[in-house]
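Participant: Now for the letters of each chain:
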Amino acid sequence: MMSKTIQNIELKSRVALLSGTSMAATWYFIAKNIVTAPYAELAAVLPAIGFAALLPTVVMLRESKRAVRASRQPLSQRLEVLSKHVIVNVVDNKHCLAEVNEEFEKATGYTQEEVLGKPVSMIYFDNHARKDADEIRTGLMQGKTWQGETALRRKDGTLLLTHTTVIPLFNADGSWGGSISARTDMTRVNQLMAEQETVESLDELRDDIWIVDAESERFSYLNRAAMARFGWDIETYKEKSLGDLADGEAVQMIAEACRRLEDTGETLTHFQLTLLGVPFDASIKFLKVANKKNRFLIMLNDISARLEDESRKSEFISMVSHELRSPLTSIKGSMGLLLSKAAGDIPEKALALLEIAHRNADRLVLIINDILDLEKISAGQMEFDLQDVDLSELVEETNRANAMLRQRFALDIRLEGTDRPLHLQTDPNRVIQVLTNFLSNACKFSQPNSRIDIKVDDLGPDIRVAVRDEGPGIPAKDQHKIFERFADLENSDRTAKGGTGLGLSICKAIIEGLGGTIGFESQEGVGTTFFFILPKGHFARDAQETLMRVAS
Amino acid sequence: MIKLLHVEDDADIREIAQMSLDMTGEFEVVQCESGEDALRQVQDYTPDVMLLDMMMPGMTGRQTLEKMREMPHLQEVPAIFMTARAQQSEQDELREIGASDVISKPFDPMSLADQIKQIIGKA
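Those protein sequence lines, which keep their order, are chains A and B. Just so we're aligned: the first sequence equals residues 702 to 1253 in this note's numbering. Just so we're aligned: the second sequence equals residues 58 to 180 in this note's numbering.
Just so you know, these hints were derived from the structure itself, not from any lab. Among the clues, some could well be false.
Stated by the list, open to error - Straight-line distance between alpha carbons at most 27 Å, and here's what the computed DSSO-like set of lysine-lysine pairs gives:
#1 1042/A <-> 174/B
#2 807/A <-> 994/A
#3 60/B <-> 1042/A
#4 1014/A <-> 1077/A
#5 994/A <-> 939/A
#6 1145/A <-> 1156/A
Unchecked claim - Computed list of chain B residues with no C-beta within reach of chain A, every gap over 12 Å:
#7 85
#8 97
#9 130
#10 131
#11 135
#12 157
#13 158
Backbone N, C-alpha and C fix where the C-beta goes; we use that ideal spot for every residue, glycine too.
Could you build the full structure based on these sequences and the hints that come with them?
Facilitator: In structure tokens:
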């Protein structure tokens, strides 16, 4: 349009030039022949020049002004057409918003009064968007139109993604006049595309995924795995609801779980169920969306392979346990009987050898016990017998049970913090196992007549039990592997001191399985403190998750 | 004398248990090498206590006890299982089928008799 206007001006100017030249020639001819005064030549030439030069100039100026006036006609009249369909804004040469349409107000949440005269950067979403705007402006000032995505910020701070065309505006003198932008809102389009990608991802999962309408219990989505399980296609499942599944018991469990979520206000639940003969870990999430129907997202993970694996491991553990313990029963049993002189007197030297054999048979039993404990933990099969336990009493009981250790190593063992009951939910036998291990280690690594402190602290939600010795301490370079299986410490004679090398790794697994934490502090030449912290409350699923993490 | 029926497939363990209980002079032991053997022997014999190994070829200790409990004269006889360290759930299952208690293997031959007497004393 602009070039047409310029062509128009040029044409009129040429016409004016011809006319002016003709008029100039005519005047000259007339003046030359009519005017006889001394300035006749001047009188002929000057007006002729005037006609020739001025007329086209006047015409050009007039037409240009008209064109500029036309271009300066309020854009709002033009914007009126676009207003109904696109978001439009005009930016002046000072990079401020000069005009915005109604769609702009609706899309951004800003009113005209709030934005007019303000820097356009106020509607850019972030610095990245501002940087892009600077680059776009550079091209615009060279007369280039720009198209692409721009990230704007709504008044409420949320993202408004737009597809934008920006056209440069120039003044009559060719100077930069600003730009006009026409935009379409891409936010909703992108959301729909993201939803489509999500659906495609869900289809790739091996787990069965259902989305069920909370009110009607109809399926609004089944992924490929779920459709295959039921033998339904997309058209079929859209007509189905939970009640159409051929497993009333499983459906009832799912429906009850969904109702519980609605009633309690919780959003997530997990449980196991068997559906159509297949065992699953089920997770249900309650999806509450404002102004939309509530739905349940149900995910079913087939655990039949895992259960079979666990069953095989369990059988293996039982079998190995039996196969190892039976010959040990005979070995220990026969040596025990010999040592008790059930078969008569035994020579002194033979007795000493028998004692060595019997002692090591005992050690073998401990190692087997420890290995099988660790295997049970790895297989997630260690069960805990949770009870309400007074930890103070438990600590005192453990100390009494290990009185022989105290006498054997001539140690001063002191208790602190056990003068009042401290109750928690835990497995007493396993806690005793850990405490015994701590105490046994402390005794073995202490000098005769040194002191061992057992301290119980109430930490509020947790209880801490610590066993401190005045032994040599653990070398710094070995500390990182203290809880590893068969961690060999330099200068440590495990045979002389006893122990299987597995005790601390089992202690760690037990305490973590009970929902607690285990640790130690040690300084060479000063001593070592081993401690564990157990939660007072019932740890239920958290500990189960910990056990699964420990087992993995 | 306490009449004890010992069901154990391992000959060495049978011998050790026999020697251990003989030392006390308080037990009269009948040895069975399998669950099937035990069921034959109890047809016309009622022990005061039964000591059963858990894992045996053929009939397991559990299966053997279940069969024995079907016999009226054996329904109230205390039964002790000899087993590798059973978990709590396993011990509960054994009690549900009529076991009085569990003794872990390897057992201490010097204290076996006392353990048995303690269990039947409670039962």
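Participant: Now look at each hint and say whether the structure bears it out.
Facilitator: Each hint, compared with the structure:
no.	hint	in the structure
1	1042/A <-> 174/B	22 Å, holds
2	807/A <-> 994/A	26 Å, holds
3	60/B <-> 1042/A	25 Å, holds
4	1014/A <-> 1077/A	9 Å, holds
5	994/A <-> 939/A	16 Å, holds
6	1145/A <-> 1156/A	19 Å, holds
7	85	18 Å, holds
8	97	24 Å, holds
9	130	30 Å, holds
10	131	25 Å, holds
11	135	21 Å, holds
12	157	19 Å, holds
13	158	16 Å, holds
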